[in-house]
Structure formats: C-alpha cells, structure tokens
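J.: Residue numbers (my numbering), protein chains in the order written: chain V, 449 to 905; chain R, 449 to 905.
Where hints are given, some of them may not hold.
Identical copies look the same in the list; a pair holds intra-copy or inter-copy alike.
Unchecked claim - Using 20 Å as the maximum straight-line C-alpha spacing, the simulated EDC-like pairs for lysine to aspartate or glutamate come out as follows:
1. LYS472 <-> ASP488
2. LYS801 <-> GLU716
3. LYS472 <-> GLU500
4. LYS801 <-> GLU500
5. LYS544 <-> ASP561
6. LYS801 <-> ASP494
7. LYS801 <-> ASP695
8. LYS801 <-> GLU466
9. LYS801 <-> ASP527
10. LYS472 <-> ASP494
11. LYS801 <-> GLU528
12. LYS801 <-> ASP732
13. LYS472 <-> ASP802
14. LYS801 <-> GLU728
15. LYS801 <-> ASP503
16. LYS801 <-> GLU717
17. LYS638 <-> ASP615
18. LYS801 <-> GLU675
19. LYS638 <-> GLU694
20. LYS801 <-> GLU714
21. LYS544 <-> GLU717
22. LYS801 <-> GLU713
23. LYS544 <-> ASP576
24. LYS801 <-> ASP712
25. LYS638 <-> GLU591
26. LYS544 <-> GLU533
Honestly, the hints are just simulated from the structure, not real lab data.
2 protein chains.
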Amino acid sequence: MAQAQAASGENAYRITAELTGQVKEAVQAQDQDCLVALLDALHVADIADLFEQVDPELRRDAVALWGRHFDSEVISELDESIQEELLSQLPRERLKEVVRDLESDDVVDLVEDLDAEQQREVLSALNDVDRAVVEQSLQYPEESAGRLMQREIVMVPSHWDVGTAIDHMRSETGLPEQFYHLFLTDPKVKFVGMASLGRIMSSRRETRLLDIIEEDCRPIPATMPEEEVAYAFNQYHLISAPVVGEDGRLVGVITIDDAMNVLDEEAEEDILRLAGVGSESLYDRVFDTATQRFPWLIVNLATAIAASAVIDQFSEAIGMMVALAVLMPIVASMGGNAGTQSLTVAVRALATKDLTGSNAWRIIRRESMVGLINGLVFAAIVGVVGGIWFSSTSLGAVLALAMIITMFAAALSGILIPIGLERVRIDPALASGVFVTTVTDVIGFFAFLGIAAAILF
Amino acid sequence: MAQAQAASGENAYRITAELTGQVKEAVQAQDQDCLVALLDALHVADIADLFEQVDPELRRDAVALWGRHFDSEVISELDESIQEELLSQLPRERLKEVVRDLESDDVVDLVEDLDAEQQREVLSALNDVDRAVVEQSLQYPEESAGRLMQREIVMVPSHWDVGTAIDHMRSETGLPEQFYHLFLTDPKVKFVGMASLGRIMSSRRETRLLDIIEEDCRPIPATMPEEEVAYAFNQYHLISAPVVGEDGRLVGVITIDDAMNVLDEEAEEDILRLAGVGSESLYDRVFDTATQRFPWLIVNLATAIAASAVIDQFSEAIGMMVALAVLMPIVASMGGNAGTQSLTVAVRALATKDLTGSNAWRIIRRESMVGLINGLVFAAIVGVVGGIWFSSTSLGAVLALAMIITMFAAALSGILIPIGLERVRIDPALASGVFVTTVTDVIGFFAFLGIAAAILF
Numbered sequence: 449m450a451q452a453q454a455a456s457g458e459n460a461y462r463i464t465a466e467l468t469g470q471v472k473e474a475v476q477a478q479d480q481d482c483l484v485a486l487l488d489a490l491h492v493a494d495i496a497d498l499f500e501q502v503d504p505e506l507r508r509d510a511v512a513l514w515g516r517h518f519d520s521e522v523i524s525e526l527d528e529s530i531q532e533e534l535l536s537q538l539p540r541e542r543l544k545e546v547v548r549d550l551e552s553d554d555v556v557d558l559v560e561d562l563d564a565e566q567q568r569e570v571l572s573a574l575n576d577v578d579r580a581v582v583e584q585s586l587q588y589p590e591e592s593a594g595r596l597m598q599r600e601i602v603m604v605p606s607h608w609d610v611g612t613a614i615d616h617m618r619s620e621t622g623l624p625e626q627f628y629h630l631f632l633t634d635p636k637v638k639f640v641g642m643a644s645l646g647r648i649m650s651s652r653r654e655t656r657l658l659d660i661i662e663e664d665c666r667p668i669p670a671t672m673p674e675e676e677v678a679y680a681f682n683q684y685h686l687i688s689a690p691v692v693g694e695d696g697r698l699v700g701v702i703t704i705d706d707a708m709n710v711l712d713e714e715a716e717e718d719i720l721r722l723a724g725v726g727s728e729s730l731y732d733r734v735f736d737t738a739t740q741r742f743p744w745l746i747v748n749l750a751t752a753i754a755a756s757a758v759i760d761q762f763s764e765a766i767g768m769m770v771a772l773a774v775l776m777p778i779v780a781s782m783g784g785n786a787g788t789q790s791l792t793v794a795v796r797a798l799a800t801k802d803l804t805g806s807n808a809w810r811i812i813r814r815e816s817m818v819g820l821i822n823g824l825v826f827a828a829i830v831g832v833v834g835g836i837w838f839s840s841t842s843l844g845a846v847l848a849l850a851m852i853i854t855m856f857a858a859a860l861s862g863i864l865i866p867i868g869l870e871r872v873r874i875d876p877a878l879a880s881g882v883f884v885t886t887v888t889d890v891i892g893f894f895a896f897l898g899i900a901a902a903i904l905f
Numbered sequence: 449m450a451q452a453q454a455a456s457g458e459n460a461y462r463i464t465a466e467l468t469g470q471v472k473e474a475v476q477a478q479d480q481d482c483l484v485a486l487l488d489a490l491h492v493a494d495i496a497d498l499f500e501q502v503d504p505e506l507r508r509d510a511v512a513l514w515g516r517h518f519d520s521e522v523i524s525e526l527d528e529s530i531q532e533e534l535l536s537q538l539p540r541e542r543l544k545e546v547v548r549d550l551e552s553d554d555v556v557d558l559v560e561d562l563d564a565e566q567q568r569e570v571l572s573a574l575n576d577v578d579r580a581v582v583e584q585s586l587q588y589p590e591e592s593a594g595r596l597m598q599r600e601i602v603m604v605p606s607h608w609d610v611g612t613a614i615d616h617m618r619s620e621t622g623l624p625e626q627f628y629h630l631f632l633t634d635p636k637v638k639f640v641g642m643a644s645l646g647r648i649m650s651s652r653r654e655t656r657l658l659d660i661i662e663e664d665c666r667p668i669p670a671t672m673p674e675e676e677v678a679y680a681f682n683q684y685h686l687i688s689a690p691v692v693g694e695d696g697r698l699v700g701v702i703t704i705d706d707a708m709n710v711l712d713e714e715a716e717e718d719i720l721r722l723a724g725v726g727s728e729s730l731y732d733r734v735f736d737t738a739t740q741r742f743p744w745l746i747v748n749l750a751t752a753i754a755a756s757a758v759i760d761q762f763s764e765a766i767g768m769m770v771a772l773a774v775l776m777p778i779v780a781s782m783g784g785n786a787g788t789q790s791l792t793v794a795v796r797a798l799a800t801k802d803l804t805g806s807n808a809w810r811i812i813r814r815e816s817m818v819g820l821i822n823g824l825v826f827a828a829i830v831g832v833v834g835g836i837w838f839s840s841t842s843l844g845a846v847l848a849l850a851m852i853i854t855m856f857a858a859a860l861s862g863i864l865i866p867i868g869l870e871r872v873r874i875d876p877a878l879a880s881g882v883f884v885t886t887v888t889d890v891i892g893f894f895a896f897l898g899i900a901a902a903i904l905f
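Starting from the given sequences, assemble the full structure and let the hints guide the process.
T.: In structure tokens, the structure reads:
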C-alpha cells in the first residue's frame, strides 16, 4: 500500500532538529534497530540531507551503525565532498554492492569526481558490460549531454506496432525504474522517433508506432553542453530526450529530473559567481573555503587600491575641505549599487537567452535611460542633503553633478560589460562584478573630487 | 515523420539576429505566406521569445499579419507584460478561440495576472464547465499548488486492473496531451495511489493497479506554497504529483515542467533580489524599471549617509592626515565584499534547505573562521601596502587592525543576518544586503578612523 500521508504545513519536507537529535541518540546508544527505523521512514534524498547536516563524526558513526542496511541510492544524493568521504569509509565489499545497485548515469556522476584510485576501485566493482558503458560515457566531455544521459534505453524497432511493443515490455525484466517514452530505431540503431507511453496506451494494438511518434523531436548531440540541454528541457517542456552520437545512432536518454538538476546547479553557480564565490559547498573545510574566496577578494583589493589612488590625486583638495572625504563614499556607493542592479539583470537575461543580438541595443538604451532617470532623482536628493549638511550650495551642486555622471556610467557599464564579456566567451556572472565596481568606484571618486577641485577652489 | 534534425552546435536553440531580420522583412513587405512559413518552422516557445525580443511596433504588426494562423500556445509562453499587450491587440473573437485552446492551468496562469476587465473577457470565452474549473483554481492562494495544478487528471477507480485501465484509455478521447501516471481514487474521489504508465505497460492485463502503485507517494495539499512544491519535485525526483483538497479528495495534478518553471523563477527572484532588483522584466517600460529600482537605491542612500556620518565624526583626524581619507574606502570595500560572499552562500543555503536548525551553529562557526583567516591574510597585505605607500609603519598597523575587525564582522553579519531574517519570516534574499552593507560600512569606517584617531594622534 502507498503511504498516502498528506504533507501538512510548510515544514513537512524538512529535516528537523528533533529528528537529528533522535538519530544522534540512536547512534550514541549504538541502537541499530532504532536507527534503521528512523532512516527507513525517510526518502533517500532526505537521508542524504540528514547526513550532510550532522557533524562528520556523527556521520561516520551513523554509516557504520547503519551497516548492511545502507541504501545505495543515498550515495547519489550526497554532496560531492561528502560522497568521497563516505565512499572511503565503506568496507570494500559493501562499496561494490553499492556501485552495482546504481544506474549508469549515477555511476558516471559518482566516478567523475573521484580521485584516480577511488575511481579504479569503483569501476572494478562493475561487471564488464556495465564498466564498458560507464567508461564510454566518461569519454564525452565533462558537463556534456554524454555525461548526463543514462544508457538504459527502452528501444524498439521502428516498424513495430503498439501491441508488439506492449507484449515486448511485459516480457522484459530489465526495464528502467522510470521511463516515459519508447525510442524507435532503425536496424543500425539510428534514432527514428519517440512515442510517449500515454499515446501508446491510448492507441489500439494494431496502431503503428511510427504513426504516433512525437512531432518536432530534436535529438540531442552527445557533445552538447549540459547547460544547453537544461535550457532545451526548460524551453520546450521536454520530459525525456534522445541523445545521439555523431553518426545519428541512439546512445542514451536524458530525463527531465537530470535536466532540472543541471538548471538548479546553473542558477546556483550564477548566484554564487555574482557574489565572487566559487563553486564552494557548505560542507567544504574552513581552509578550503577561505582559499576559494581569496581570489575575488584579492581582485577587489586591487580595484579598491585603484580607487584610493584616484582619491590620492585629490589629497590637496581634501586637506582644504574635509567635507569632501565625508561625502565621497556616497557617490561611489550609489554608483556601485546602480551598477550591480544593471549587471545582475543583464547577466540573468544573458543566461536565460532573453538578451540576444536582436534586442541588445534596445536593452542598452533602456538601461542608460534608467540610469539617467535615477541619476537625476538622486542628484536632487543628495544635492539638497549635502548642501544643507555642510551649508554650502556649491558643495551640494558638485555632489549632484557627480551623482548624475556616476549613476549613468554605472548603468551603462552594468549592461555593456556583461554583453562584452559574453561576446569574448568569458562567463559574465564570474567577471562582470569586478569590472563594474572598478568603473563605478573610479568614476565616482574622480567625478566628485575632480568637479570639486575644479569648481570649489 | 519526425523532424529528426540533430541540433548542431551551441547556437542551435537560439533566436538569431538573422531570423529576426527575416521576420522583420516579411512583416514590412506584408508577406503573410513568408511569415507563416518562418514561424511554422519554430517551436511555440521560440516564437514567444522572438516576439519578446523585437520592437513593440514590429510585434504588433507581426501578430496582425500572422492573423488566423496565430498559435494559441504562444500566449502561455510569453512574459506577463507582453501577454497583456498582445491580448489587448487580438480581435475579440480570436481571443475567445485562443483561450478555449489552452489547458486549465495555462488559463489560470494567464488570467491571474490580468486586470479585472481583461479577466472577465477571457473567462467569458470559456464554456460553463471550464469557467467553473478555472474559477475554482483561482480560489486557492496565489503561488500555491492549487494555482499551479492542472485539472485534467487521468483518474480511474482503485479496484481496476491493468487491462480495464488500458481499454478505458483506448476509448477515452479527452486525454491530456502529456501524462505519465494514472491516479487511483475511491468512490468518493479520495486519492488512493498512483501508478506509472511504464509500470502499467510492463504488467500483465490481469494485474491489479493497486499492486503496482508507487510506494512513498505523498499527495500535495492544494494550499502548499509553489516554492515548496518545486522543492519536493527537485528533492524527490517527482514527475507528476497528485494535489488533494483538505478532505483528501483528488483535485488536480502538478507535472514536473510546471515545477521546473517555479524552480527557475525562484532562483531568478533570489538572484535579482540579492542585487536589489524587484521582479522586473526586461520588457517593462523605462519608467517602471526606474521606479522599481528606486526603493533599494534610497535604502542604500540612507546607509551611505550613515557611513558618511561616521566619517564626519573623525573629520578632525582626516584634516590632520589626509592619507586616512585615501585609505578608508579599502577597508569598507573589502568588508562589503567579504560580507556579500558570506551572505550569498547563506541565502542560497537557506533557499535550498541545506542550512537548517541542525547545522546553523556549525555553519556560523565556519563562516567566522573563514572571515578571520581572510581578515588576517588581507591585514598583512594591506598593512604592508599602506605602510609603504605613506611611509608610515603605524598607519599600516592601523589599516591591518581595522581590516581584521571589519572582515570578521562582515563574515559574521553575512551569516547571522540572513538566518535572523529567515527566523522572523522576512525573505533573506531581499533584505540581507542592506543590513550587511550597513554593518560593514559603519564598522569599516569606524574601526579604521577610530583606531587611527586613538593611536596616531
């Protein structure tokens, strides 16, 4: 019977501190039955989350206590860094069983991140056929359709009818756990078309499969980057898609859950990159995390020093009027923010392919106008604030003028820099921030202090 | 026959400037056949993208010229702001046909964003049954499972066997275009379980459906927020999930493509919110965009003024040593960056539920350590740079000390503020940035200038 419990409330799908506490108690008491009962009630994905969230020592002890009840699928759900840790803890024999339980795409996913020795060990657990399949997948470039696809395909000759296909499936024992289409091939295993199970089931037995295949089905080349694959699934609402080699032969199938995973990872990567964080994980060690964040900070230091050098040019003016030092961060900060707004919209639009050669100029004009409008509005505000604060109309005017220039420059660089980076094939999410901050800082300080020096003295 | 053209290369799935140019020419020449031929070759999702990317005038003319060939499904694929524009351009009769062609979830999606008058017009196009269904869905809260689900469900009595189900489907004409599960209900339409088509097709005719339903299938309450729904699909690799009312009755089904859409939107929202951009679209008007970005900029102005006020407290010290004004942005900028790194990781981890009550303290300790390590490293660097630049060991020491304090405070506030906001149910993606920037700016300037004033004079 299905466990048809309605998930109630917002926290239904979440590892609670209470549950973690119970697991901890069971492990400390070395109560295997209790631990097995607790974990059996959870989905493998939730068990993986639980393992990720507890202390490494507790995780090690829990895996040891769980012992032979260990569910292989948990491995696929774990974060990379924890996968490796856990694999090295499993007894050799148990490791072999775990690997044999997994589907080909999960083994590929697991193996590609391991070091050479662990990789050999995992592959040696497979029988010759499975190992050949995995090794074949590993021939494709990293992060390509070939790595993402699974090799278990429900393939039938293209001349079959519905009845033959159903009879074939009823007699077949090795079908994948989840599948949604039958793939039709010619005698040379070239892809001919695919028919959805829904369509097949609602057709009469004598219907030819060729008559009910999906229109407009574009096979995915095995070398296509996974990012493009995810885009295609999202854009065309695909559920499963055939993957073909260069010769048009059907080599695998990608299902939407894999694509969804990639889409999720891509979005995560963009978010983290925009903030100058690499592909770090919450489970990395402190030292690794500090090291990963270092490059962006050092680049930021360089741009900050460049901005300071600009200020240094005007040290005489600041010496004569300290109010300049007090007000100058306002201009730079507003420019930085306006620039970040523009660049984030641009980076996202490039990632989703909403910003293309067709509309780039229109979007650039649009961003410039937005920058100009907000520049004017904030010029008025800071002009008044600055003027009153230091009882100087001319200081207010300088601040206002600098604000217009900086916010316009910020908006323009916020759109032009990502587009430019994309053109030269550098990931705009990764690099735009540095350039835009440099531009807004340098222009902000230069405009404010330069105009001040020119007008006030 | 399927159009089995392998998509070759990176640009295969993209609207090219060339294509846009051809469409433009066809519209200008009022060549309907040519336009229809160009658009017929495209997927509806690509046609929608094309319409989004061209000028509003060209879009209007293209829709007019496309005329009776207009494909209803294009509407569902369009960005909201363009949907509205296009609906108001369609002749009343054509509008009705368009609406009738759509599935219930697409109509709900369309209708919920329209103004009252357009909403009435669209609903009046439907027959009584369809209208009742759509109006029922609109009763559920915005962004809930009830709004997301489609009402077309393939439902069968739970006592049926495989053969009966297949015969039923063969005789049924109104099946949804895509479906992957049969939903089993009792006589009161309460949800009992679901069986995958793959499982059904590979079972013998006399197999009872109840014996092949999926284990561990949790129905989704209609009031569950769509964000949670997307999480469940992603976490548990679901393809379709039953939606039930409070009484346990099956009211609809959500499929993974809808969930993928939500996941995509949520990630987009987080990215934009982190940059202080609302739910703006590339297709909004300049003035609307400027207005939407204004609130964050005004908040940023307030924090910038607060930082200036801190500097103002030390104007005497700056007057005595202008080097302080030159160097102070370095401290604040580094703090701002380190804080942004921490907060982005925290916001993302909260969104993906990797950061929970179970591991919060460990992550907080980890971030503090990272902040401290990088603080020490950059203290050494800027201490030397500042000391050499202004030939003053004590100025270098002041800079180094301020850097340690600021980067530690940045890391700590970058993790504590998002967690705190989540606790009081404010979206951390939306508000964390402001708080963290304020903390890093104020602490940065205060630490540097305060220590300088205390030590140097």
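J.: To test your reading of the hints: which numbers does this structure violate?
T.: 7, 17, 21 and 25
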